[in-house]
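Chemist: Here is what each chain is made of, one letter per residue.
2 protein chains.
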Amino acid sequence: MSTAREKANHRISSIKSLLCVGLDSDPEKIPEVFRGCPDPVPAFNRSVIRATKDYTAAYKVNTAFYEASGVQGLLDMEKTLVEIPQECLSIADAKRADIGNTSRKYAQAFFEHWPFDAVTVAPYMGFDSVEPFFAYTDKLVFVLCLTSNAGSQDFEEQRMLDGRPLYEVVLEHVAGWQRSGNAGVVVGATKSGQLGELRRKAPELFFLIPGVGAQGGSLEDAVREGADPKGESALINVSRSIIYPSGSFRYVEEYEAAVSAEAEKIHNAMRLVL
Amino acid sequence: MSTAREKANHRISSIKSLLCVGLDSDPEKIPEVFRGCPDPVPAFNRSVIRATKDYTAAYKVNTAFYEASGVQGLLDMEKTLVEIPQECLSIADAKRADIGNTSRKYAQAFFEHWPFDAVTVAPYMGFDSVEPFFAYTDKLVFVLCLTSNAGSQDFEEQRMLDGRPLYEVVLEHVAGWQRSGNAGVVVGATKSGQLGELRRKAPELFFLIPGVGAQGGSLEDAVREGADPKGESALINVSRSIIYPSGSFRYVEEYEAAVSAEAEKIHNAMRLVL
Numbered sequence: 471m472s473t474a475r476e477k478a479n480h481r482i483s484s485i486k487s488l489l490c491v492g493l494d495s496d497p498e499k500i501p502e503v504f505r506g507c508p509d510p511v512p513a514f515n516r517s518v519i520r521a522t523k524d525y526t527a528a529y530k531v532n533t534a535f536y537e538a539s540g541v542q543g544l545l546d547m548e549k550t551l552v553e554i555p556q557e558c559l560s561i562a563d564a565k566r567a568d569i570g571n572t573s574r575k576y577a578q579a580f581f582e583h584w585p586f587d588a589v590t591v592a593p594y595m596g597f598d599s600v601e602p603f604f605a606y607t608d609k610l611v612f613v614l615c616l617t618s619n620a621g622s623q624d625f626e627e628q629r630m631l632d633g634r635p636l637y638e639v640v641l642e643h644v645a646g647w648q649r650s651g652n653a654g655v656v657v658g659a660t661k662s663g664q665l666g667e668l669r670r671k672a673p674e675l676f677f678l679i680p681g682v683g684a685q686g687g688s689l690e691d692a693v694r695e696g697a698d699p700k701g702e703s704a705l706i707n708v709s710r711s712i713i714y715p716s717g718s719f720r721y722v723e724e725y726e727a728a729v730s731a732e733a734e735k736i737h738n739a740m741r742l743v744l
Numbered sequence: 471m472s473t474a475r476e477k478a479n480h481r482i483s484s485i486k487s488l489l490c491v492g493l494d495s496d497p498e499k500i501p502e503v504f505r506g507c508p509d510p511v512p513a514f515n516r517s518v519i520r521a522t523k524d525y526t527a528a529y530k531v532n533t534a535f536y537e538a539s540g541v542q543g544l545l546d547m548e549k550t551l552v553e554i555p556q557e558c559l560s561i562a563d564a565k566r567a568d569i570g571n572t573s574r575k576y577a578q579a580f581f582e583h584w585p586f587d588a589v590t591v592a593p594y595m596g597f598d599s600v601e602p603f604f605a606y607t608d609k610l611v612f613v614l615c616l617t618s619n620a621g622s623q624d625f626e627e628q629r630m631l632d633g634r635p636l637y638e639v640v641l642e643h644v645a646g647w648q649r650s651g652n653a654g655v656v657v658g659a660t661k662s663g664q665l666g667e668l669r670r671k672a673p674e675l676f677f678l679i680p681g682v683g684a685q686g687g688s689l690e691d692a693v694r695e696g697a698d699p700k701g702e703s704a705l706i707n708v709s710r711s712i713i714y715p716s717g718s719f720r721y722v723e724e725y726e727a728a729v730s731a732e733a734e735k736i737h738n739a740m741r742l743v744l
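Top line first, the protein sequences correspond to chains D and G.
Going by the numbering used here, the first residue of the first sequence is number 471, and it counts up by one from there.
Going by the numbering used here, the first residue of the second sequence is number 471, and it counts up by one from there.
Hints were generated in silico from the structure; no laboratory data involved.
Careful, some of the hints might be misleading.
Label pairs and their calculated CB-CB ranges [said to hold, decoys possible]:
{"#": "1", "chain 1": "D", "residue 1": "Gly-506", "chain 2": "G", "residue 2": "Gly-686", "range": "54 to 60 angstroms"}
{"#": "2", "chain 1": "D", "residue 1": "Asp-608", "chain 2": "G", "residue 2": "Gly-686", "range": "32 to 38 angstroms"}
{"#": "3", "chain 1": "D", "residue 1": "Met-630", "chain 2": "G", "residue 2": "Ser-711", "range": "32 to 38 angstroms"}
{"#": "4", "chain 1": "D", "residue 1": "Gly-686", "chain 2": "G", "residue 2": "Glu-734", "range": "41 to 47 angstroms"}
{"#": "5", "chain 1": "G", "residue 1": "Glu-674", "chain 2": "D", "residue 2": "Glu-553", "range": "44 to 50 angstroms"}
{"#": "6", "chain 1": "D", "residue 1": "Arg-741", "chain 2": "G", "residue 2": "Glu-667", "range": "55 to 61 angstroms"}
C-beta atoms are modelled at their ideal positions from N, C-alpha and C, and glycine is treated no differently.
Make a model of the complete structure from these sequences and hints.
Modeler: Written as structure tokens, this is what we have:
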């Protein structure tokens with residue numbers, strides 16, 4: 471059986487796409503046409519997946535959007551997870567981490583109970599807080615490094631005693647924590663320049679790159695700077711600009727056509743660079 | 471209506487206790503006597519609450535232990551939340567944080583869908599990742615600062631360019647982020663000395679102090695160094711050494727008696743110092 475990393479890279483090289491579609495599915499934002507369904511969010515996600523799967527290497531489920539609806543939301547997440555095509559990487563964007571005995575439970579949640587291929591984790595509490603995730607050598611663990619939001623200036627970009635920013639220290643640690651290539655980092659596409667620099671410093675890490683689209687990062691720069699020399703080991707996440715196309719839709723098919731067109735456009739832009 | 475902070479301090483001063491009981495309830499670890507119940511984890515938590523409520527100021531639900539069982543676990547969490555006495559602070563130990571639009575969803579999950587009084591959050595991504603929690607001025611938001619685990623050395627205790635450790639920079643920011651006194655920090659009891667120093671630097675923050683008991687921190691030091699001059703605005707969490715007393719129990723009443731004895735012992739030790 472192949473590892474999550476191998477699966478992701480196989481898909482990336484097969485279809486020449488680094489696209490990760492973010493299923494940040496907000497019950498209050500999904501188009502009217504899905505609201506009458508018995509399960510609006512899973513129906514919406516099924517449509518997104520159907521419309522994007524030919525262009526997509528990974529799907530990222532943002533757990534916050536499901537937890538906000540409590541148990542119903544988690545049931546929606548379960549129904550969504552089973553719809554993610556086997557050839558695509560499934561990522562739980564959960565940003566968890568806690569002391570060791572607790573992180574073991576989070577790892578159990580997102581790698582066993584809900585069998586995601588990959589998870590995002592937060593580095594603040596250090597090695598023993600993420601080690602239980604890295605213990606799953608067949609999975610991929612993305613550690614927050616340099617994020618795409620304004621708050622990255624507060625701590626991530628602050629300089630340490632040796633002059634390096636905190637995010638570089640995190641990167642260095644993550645490179646040392648990996649087991650059989652199961653480590654990755656989250657580096658925002660809004661941080662052009664830094665993305666390429668971090669890629670060069672950590673050629674062996676997998677990069678998960680948010681911040682393209684609604685958050686304003688350049689897609690072409692993200693592909694050029696984020697991928698490894700083979701054009702692999704990177705995923706560029708797009709959420710809102712794919713799943714919430716402008717316009718109103720009378721039929722599910724119209725919505726899917728709009729989503730598909732946007733995903734195809736992004737895929738074409740990626741193929742040109744790769 | 472009083473704020474979460476006022477409620478916690480009223481309870482602390484009424485019963486002279488800083489005790490927070492951690493409901494880290496692991497289905498694989500709960501005593502045999504609960505395993506036959508239709509809902510073992512809620513039954514176990516009900517017993518813990520019944521046995522400790524006279525000595526306790528707060529209950530902390532560690533979300534990892536519930537998420538590990540998926541939807542069933544979250545149903546257990548809901549059944550537990552309604553059992554927490556109104557006069558005690560309810561804390562979701564969730565350690566969440568993400569970009570703003572996502573953190574809004576997490577805040578909605580833990581302050582609205584599940585109406586906890588307080589939540590723990592992670593600081594790595596900076597202000598806009600925790601602001602949506604602070605927007606709830608009647609709640610309490612505990613930001614990770616100096617944690618009780620070995621991994622705190624990896625980043626939290628590393629020195630910044632100005633010589634201060636990262637956790638001090640976090641403390642200073644959190645003090646500036648609060649609204650109407652709704653900010654707190656997590657500082658481990660295993661960090662004696664530093665706890666008192668941080669308390670003096672941030673007299674206005676609420677302190678949530680894990681690390682006593684199974685993790686080895688001194689209870690008396692934690693009370694002396696963690697509480698404010700009025701003996702308030704601090705909670706000392708104890709989980710495993712209360713909820714998993716040694717011995718085997720043929721009856722629920724025997725288990726509750728053992729739990730109650732341990733909670734009373736801790737309460738007495740706290741009253742002596744306060």
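Chemist: Of all the hints numbered above, which does this structure not satisfy? Sort the numbers upward.
Modeler: Hint 4 alone not satisfied by this model.
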